[in-house]
Structure formats: structure tokens, C-alpha cells
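Listed below, chain by chain, are the residues.
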Amino acid sequence: MRLSHSTQQQLLRIAAYVFLAVMAVLFMFPFYWLFVSAFKAKDQIFSLPPVLWPDPWRFSNFAAVFEKTHIVQAFINSVVIACGHCTLALFLCSLAGFAFAKYPHAPGRDKLFAFVLATMMIPGAVTLIPVFVVLCKLHAINTYWAMIVPGAASAFGIFWMRQYTMENVHNDLLDAARIDGCSEFRIYWSVVLPVLKPAMAALGIILLIGSWNNLMWAFIVLRTTDMYTLPLVIYLLNGENRTPFEMIMAASVLATLPLVIAFLFFQRQFIAGITAGAIKG
Amino acid sequence: MNDPLLKRIWRHRHFYAFISPFFVLFAVFGLYPLLFSLYLSFVQWDGLTPMQWVGLSNFRNMIHDEIFFTSLWNTLIIGLMYIPPMFIGAFLFAVLLNSSWLKLRGLFRAALFLPVVTPMVVVAIVFTLLYGQEAGFLNWLAGKLGMGPFPWLVSENWSKPSVSVLLVWRWTGYNMVLMLAGLQGISTEYYEAARIDGANALQRMWYITLPLMRPVFVFCSIMSLIGTVYMFDEVFVLTQGGPGSSSTNFGLYLFNTSFTDFRFGYASCIAYTVAFFVFMASLLILRIRRSGTE
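The listed protein sequences correspond, in order, to chains A and B. Residues 2 to 282 (this note's numbering) are what the first sequence spells out, left to right. Residues 30 to 323 (this note's numbering) are what the second sequence spells out, left to right.
Where hints are given, some of them may not hold.
A short list of chain A residues far from chain B (calculated; beta carbon distances all over 10 Å) [to be verified]:
no. : residue
1   : A42
2   : S48
3   : W54
4   : W58
5   : A64
6   : E68
7   : K69
8   : Q74
9   : F157
10  : D181
11  : K198
12  : F246
So the derived list for chain A, only partly shown, Cβ under 7 Å to chain B, looks like this [to be verified]:
no. : residue
13  : I210
14  : N214
15  : T257
It should be emphasised that the hints constitute simulated quantities derived from the structure, not laboratory data. Remember, predicted model here, so these are calculated numbers, not experimental data. The beta-carbon is built from N, C-alpha and C at its ideal position, and this holds for glycine as well.
All chains should be built: construct the whole structure from the sequences, respecting the hints.
Encoded structure:
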């Protein structure tokens, strides 16, 4: 029996849906496991057959996390560091990006920009130790600054902001503002920044993901419990004797939710942020 | 004061004022570290006692450092294990999500992409539970299917595949999104023209989509290469590089050399050397792309 062309196509589409649905379930499974484990008693986490649905749902794991760890402080630290890092980097990158885009006659501009581009080639691994040493010399170890400042001078960010400024900020607009007597910084602040918003949102999201999830650098420069970030608290709980997995899972849910929720609300900006890097880079 | 260059510079003082915050930070946290690190490659230093100039002996030690080469080998093997399935999966998902007839696109995209925004430490701990030897979900499932139990994290032969599975889960969505953007950038005119010429779906894929996607593939390959060499959290939390050093990649070995053993000089030496080769490999990939398009 020969299937007609449209029946064939119909079958292929159904197969595609089934395939995507199975994959979506597979990809979501670790999240499901994380979430239900956060509500299980410890012995339920390791019971056989596995407990797929906690009974009862225990909220006491969260209570234990709040009681026995500095999770609230860590949450605050993570928020301060992520926001500080994003703000600083976005400010530096948009200001310099604007300058590189809109002052074509400044002597040495092209050489300086070529220099910025060349710095994109430097992998962070090479500068790990010296940056640590610099922070020691500045007495910045175990401070917010150690987490906020080092990665903020992002060559990639400048490159991107320059590109976006060139394509979207019109010179007429700048000239009109100059005739109105705006200072150059005022022009950046009130004329250019509003236009850059979409690009800033996208770049901000990339920086936010990196900063919020950063474990290695936190592990190197943060030393006391009052400075720990969420990933570090979770990592250290995992290293304790008789690992308290039920608490780790609860803390993990708290560390994971903010970005997941942000992603669900701002999907478009997330995707734009990720892809802009590839198309422009 | 009549020097025209100085005058021009003064006229553009705002330009220099606006780029200077970046350059100050970059000088302190980028340029100086880069030069300092180069210098460190030729000294012996633990961060506390005075530095000792040792010339090329760090490089000589590197050539005889078995764990260093093991870590490079592991990096290569893990890369070969996870990058091909990840690329194929990501491309397949991207093509499906790019089809105009597909419904629930946002839902599928979100499901596949969410791993990318999850803290790596959380991912690694959840996988530790799933991989559990006696009470892990995967071994329970394998048992139900009449297989296993598999020594996911406790066997030297299994640690690399186990890390690779985690990496596929974590990074497929990222590559999918990049490839999806690439597909959306291909003008539909090409496909219309091919359809008029009687090309079937497979031919359109082979002669239009794949060649035009080459820049995206190149970008994804370079990112994956760099990511695999320098990845840290994944192995640090999931396997600690073990058992033995069977899943120690270069990133973890560099971290251990730097911040566990405090061999700052030697660590700088291997970091520089590997960065050089990664740079050359990236150039090579770019070169292949160019020669392919000509």
C-alpha cells in the first residue's frame, strides 16, 4: 500500500511531535527530580523504588535550610553581586561603546578599538592567578568588589554596544541635542541610553546568568560565611559529612527559581542575549 | 599649544573620558595580569615566599607531567563524546522548532533551554543523585529494564561518559538557540527557488541549509572547544576529576595546580601553553570555514 503524500507528511509531523515531547520530558526530568526531592524526607531521597511523588510534601526542608545555613545572607549576597556586576559592566560597555561609535575623528580611535577586539582573545584561565594576586594587594579578597569588578571590563560588551549604537542611534538626534546645549555626558545619559535598552537587556541577561551561577571565582575569593553566595553555600553543604541532601535540594530550588522564573517571563530577551553573541561575535 | 594633534585630542576629550573607565579596569584586571602571568611562567612561586626565577624549567616539567597530559587527553575524549551528539540534537531541534507548522514552539524551546540558566553546581548535584550506585534513579530504571547496575561515577571507564551525558543535557539548548537564529537568518527565497527546481526536502537540507549554516557551526565548534578545555564546575562537583584522574579535564587540573597546590608559576606556564594551542585550534577551525566557502 502506498501512502498519499499528505498522509506521509501527517505521519512525519506526528512523529516529530512525539519526538519533541519525549525529549522535552527527558530534559525536564532533572528539574522535576530536583523539585520533588526538595520536599522529601532524607530516607525518601534514597529509597528503592524511587519516590516519584513525595508523601507528605515536607516544607520542613526549607525551614531547616533557613535555620541551619546562612541562605538568606547568601541570597542577598548573590543579588548584590549579580546586580552590581551587571550595572557596572553595562555602564562601562555602553559608555565606551557609544564613544567608539560616535566620535569617528578622535585621534587613535581605530587603534584603540582594534586593541579592545584583540583582548577578546584572552581566556580567563590565563589571568586567574594574577587577578587573584591583584585583589590580594588591593585587600579586596572576601569583599563584594572581588566578585563584581574583575569581569566587568568586557571587550565583547563594548563591541556589541558599539555595533548597536552605530545601527540604531542617529547622528541627527545627537546633533539636535548638542544644539539644545546638552553636555556630552547628558547626551549619552538621556539620548543614547534609552535607545540602547534592548541591547542592554540582552547583554545584562548574559552577565546575570554568569554572575549568579559563578562557583569557581566565589570559591577562590570568598572566605567567610557572611560573604558566601548561593552556589558556594550549596557546594559546601554537599561537602559536609553525612551530606544533608534534603537541605541541598531545598537550597538548590531557591537558587534555581529566580533565573528560571526570569527566563519564563523574558524568554525573548534571553534568546536575544544568547544569539547576539554568536551573530555579532 | 598650536600642535594640531593636541588640539584634536582636546576637542575629543569626551571620547577619551568615556573610554577611560574601561581601559583603567582593563589595565588592572586584564593587561597587567596577562603580562604578570607570562612572567610567572618562568618563576617558581607559592604566593607567599619570594619568587624564584627558574627559566624554562616549568616548561621542562610540563613535558614530563603525566597528569597534565592525562587532563588534555580527558578533555579531548570528553569533547569527542559529547559534542557530536549535542550538535546533532541541537540541529535537529532547531530544524523542528523552525518549521512553520509546529505548535507549542515556545513550550518546547523553554523545556530544552532551561538547563542553560540553571546553576551548574545544582545540575551536578542532581546528576550525582540520579547516577547513584545503589539508590540512583538511573540504575533503578536500568534494573527494571533488566540491565545494570552501571558504575556511573565509580568506574574509571564510566566517569567520562557520565560527565558527557550531563554536558549534553546542559548545553544542547544553548546550541539549539544559536542554530535556530542561524536558520531564521536564511532567506526563504532560496527554498522557494529550490522547490521550483524540484529539489526535495533532503536536497534542500544538503544544498542550502547545511552550507549556509556553516558560520554558525564554526562558532558553536569554537565555543564548545573552549568550553570543554576550561570547564570546571561540572567535574569539580560531579566527580572531583575522579575516580583517579579519569575525568580531570584541563580546567580542573589548572584550578588544582593553582589553588590547591599553590604552584602559581607552573600553573601560569601550563595556562599559557594551552591558551596558545586553543588559539591556534580556533584559527584552524576558522581557516577550514574559509577554505570551505571559497
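Which numbered hints fail: 2, 12
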